[in-house]
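Novice: From first to last, the protein sequence lines are chains U and B.
The letter at position 14 of the first sequence is residue 14 when you use my numbering, and the numbering goes up by one with no holes.
Each number in my numbering corresponds to the 1-based position in the second sequence with 343 added.
Since the hints were derived computationally from the structure, they do not count as laboratory data.
DSS-like, lysine-lysine: derived pairs with alpha carbons at most 25 Å apart:
{"hint": "1", "chain 1": "B", "residue 1": "K462", "chain 2": "U", "residue 2": "K44"}
{"hint": "2", "chain 1": "B", "residue 1": "K670", "chain 2": "B", "residue 2": "K488"}
{"hint": "3", "chain 1": "U", "residue 1": "K119", "chain 2": "B", "residue 2": "K387"}
{"hint": "4", "chain 1": "U", "residue 1": "K214", "chain 2": "U", "residue 2": "K247"}
{"hint": "5", "chain 1": "B", "residue 1": "K590", "chain 2": "B", "residue 2": "K557"}
{"hint": "6", "chain 1": "B", "residue 1": "K488", "chain 2": "B", "residue 2": "K462"}
Number of protein chains: 2
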Amino acid sequence: MGPRAGDEERPTLEDVAAFAGVSRSTASRALNDDAYVSAAAREKVLAAARDLGYSPNQAARSLVTRRTGAIAVVLSEPEARLLDDPYRTAVMRAGYRELADVGRQMVLIFSDTREDLSKTVRFLEGGHVDGALVFAPHRADPLPKALRLLRIPIVFGGQAAGIRRGVHVVDFDNEGGARLAVQHLVAAGRRRIATIAGPQDQSAPIDRLAGWRKTLLDAGLDPAELAEEADFTLAGGANAMSALLAKHPDLDAVFVASDMMAVGALRTLDAAGRRIPDDVAVVSFDDNATLAPAMDPPLTSVHQDPREQVHAMVEILLRLLDDQDLKPRQHVLPVSLAVRASS
Amino acid sequence: MGPRAGDEERPTLEDVAAFAGVSRSTASRALNDDAYVSAAAREKVLAAARDLGYSPNQAARSLVTRRTGAIAVVLSEPEARLLDDPYRTAVMRAGYRELADVGRQMVLIFSDTREDLSKTVRFLEGGHVDGALVFAPHRADPLPKALRLLRIPIVFGGQAAGIRRGVHVVDFDNEGGARLAVQHLVAAGRRRIATIAGPQDQSAPIDRLAGWRKTLLDAGLDPAELAEEADFTLAGGANAMSALLAKHPDLDAVFVASDMMAVGALRTLDAAGRRIPDDVAVVSFDDNATLAPAMDPPLTSVHQDPREQVHAMVEILLRLLDDQDLKPRQHVLPVSLAVRASS
DNA sequence: AGCCGATCTGGGAGCGCTCCCAGGTGTGGC
DNA sequence: GCCACACCTGGGAGCGCTCCCAGATCGGCT
Chain U
1 MGPRAGDEER
11 PTLEDVAAFA
21 GVSRSTASRA
31 LNDDAYVSAA
41 AREKVLAAAR
51 DLGYSPNQAA
61 RSLVTRRTGA
71 IAVVLSEPEA
81 RLLDDPYRTA
91 VMRAGYRELA
101 DVGRQMVLIF
111 SDTREDLSKT
121 VRFLEGGHVD
131 GALVFAPHRA
141 DPLPKALRLL
151 RIPIVFGGQA
161 AGIRRGVHVV
171 DFDNEGGARL
181 AVQHLVAAGR
191 RRIATIAGPQ
201 DQSAPIDRLA
211 GWRKTLLDAG
221 LDPAELAEEA
231 DFTLAGGANA
241 MSALLAKHPD
251 LDAVFVASDM
261 MAVGALRTLD
271 AAGRRIPDDV
281 AVVSFDDNAT
291 LAPAMDPPLT
301 SVHQDPREQV
311 HAMVEILLRL
321 LDDQDLKPRQ
331 HVLPVSLAVR
341 ASS
Chain B
344 MGPRAGDEER
354 PTLEDVAAFA
364 GVSRSTASRA
374 LNDDAYVSAA
384 AREKVLAAAR
394 DLGYSPNQAA
404 RSLVTRRTGA
414 IAVVLSEPEA
424 RLLDDPYRTA
434 VMRAGYRELA
444 DVGRQMVLIF
454 SDTREDLSKT
464 VRFLEGGHVD
474 GALVFAPHRA
484 DPLPKALRLL
494 RIPIVFGGQA
504 AGIRRGVHVV
514 DFDNEGGARL
524 AVQHLVAAGR
534 RRIATIAGPQ
544 DQSAPIDRLA
554 GWRKTLLDAG
564 LDPAELAEEA
574 DFTLAGGANA
584 MSALLAKHPD
594 LDAVFVASDM
604 MAVGALRTLD
614 AAGRRIPDDV
624 AVVSFDDNAT
634 LAPAMDPPLT
644 SVHQDPREQV
654 HAMVEILLRL
664 LDDQDLKPRQ
674 HVLPVSLAVR
684 ASS
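Sequences are here, hints too, so could you generate the full structure?
Specialist: Given below as structure tokens:
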């Protein structure tokens, strides 16, 4: 009683077992690499599965195992900001690769608005995924605290807003990166080193600003008044650069807290007739693969590898998955400086 | 893989029903907005669900409904290429939004290598998703033909390699876009209009090249020798521009088949001392929100909205989901020209 | 009154899988 | 010869949900 041609029914485990002449249990064991299956039975089952084009029903499987094999990657950021932030894009791609490499499926979640918050929480509660990697950079974001109460394992990328301890965090050394950038400028003989800082409602930009300030002081230079805050956008960077030039026409270098803002700064400097790097050296942060080398001149930038960050996060999450009691800690990843023509 | 240790029991539908003092069936009906539930019962059930923090087990639900609520977005392209292609990024984000708006979850699939092909097919077969949106631009890509045999509904974004009819396709008017670009240049008085074409193993770049050629002929201009092929990358665009300048130092405009290649062309033109747009006008294709306005000068570009494309694809897929016999056809979306300072 | 259809309810079956347990077979040790 | 102990197998139970069906209730008609 072979399946009729054009039969729409997908074969089930029972079909495979019958075809192979064994029981459902044995077929299951063979397909799942369990112990205690004879080589003969295993081979018959695998052949049957191949012949019938069998693929297990995931819903049925995860109904009983209570595991889905999927991991959520949550990006909590206004949509408009996301559109302007190539770093997040890189995180998404890295997440996909890293999870695929360990046989997991990535499920992407954008959580912008307040109403998304409850949707996100419900989704993560709903048993769709086994765990989550969460990026929620904004200090006022209520998401991290809400997620903390959930039963599923979570690893944060960057500081978790409003939470000091008790969570797993993988962050970059933002302050150290800023230090690298400024030291590079100092070593090149620059003395009037300004900065365009990122939004001070996020810890990464805060740390970068702090690194800039401390390094200047260590070098015996005066940071006073040489900082301008912007919003990580191109236009914001351009405006901040105008403001800096107006206040300090004699500046000879600028450390910009993101590649995108650096593009805006470049535009302003060019319009003001400043040559780069001759008159003003520019160093930025992110080292985005698409943007930084594409500029004119190519940007010197603090390199942080999203793949590396996500890799570490996945590793921790997997350990968490079979050992709930893993002691939470903060991991800080090192950054480096990619030197190009802008400095 | 049993339940994790220390896992608190999640409430089931049965719990909610008991708490509300009704049967499991009635609770199910109330939560699913079925007809034939009294207002009183419905309210008791909803209150109980809220109080207990109930969220339905998706695995159990889709085991019986044979629907997962998830839609795959498949991007078939080498990883390295993806990294350089901001348009794909925009597609991903648009896919998420459009699917979320209709209550579906996006599951992202990258299908680069040959081994990914069978993994992708197996995944789509595995009942993880209800349907798929597929982007497979390369003519030699075996994926579309393989997917065609599957039982799940599929809509292609752009031409499906090697398939002429019988599939659902949403494409942009690539030839018309090229026509817009070249007409714009002709109207501005340009007479030596070159082009940097994209890879001629994909139909979109082929159509763009054809549009350029036809429009020149229509305007009584000679396209001969004024075309150079490149690979959609920045470096490729820069090299192609060098080649064009070498062969035709007198060219006064160039139509570039992507924003990224246009960035490279800009770089080359600048190095060669050509002023833009005074000496050479530049028009590109894609109008990427991150890239095109960020250039110096900002790029005039043929605008194609990924969101619009994905929106149309989702609409078709949803109709396909409850009407398998929807007649396949090719939808062509119009494009427009975003005029900026480079032309 | 009586009846019929519309409205509402609860229980049973079953989706396809994994796990547990009872039982069967073979091998070696006393 | 018998027991102990591996190895291997099949059937039953049940995960949490939706759907079907039978039955109960309540009008509004004739």
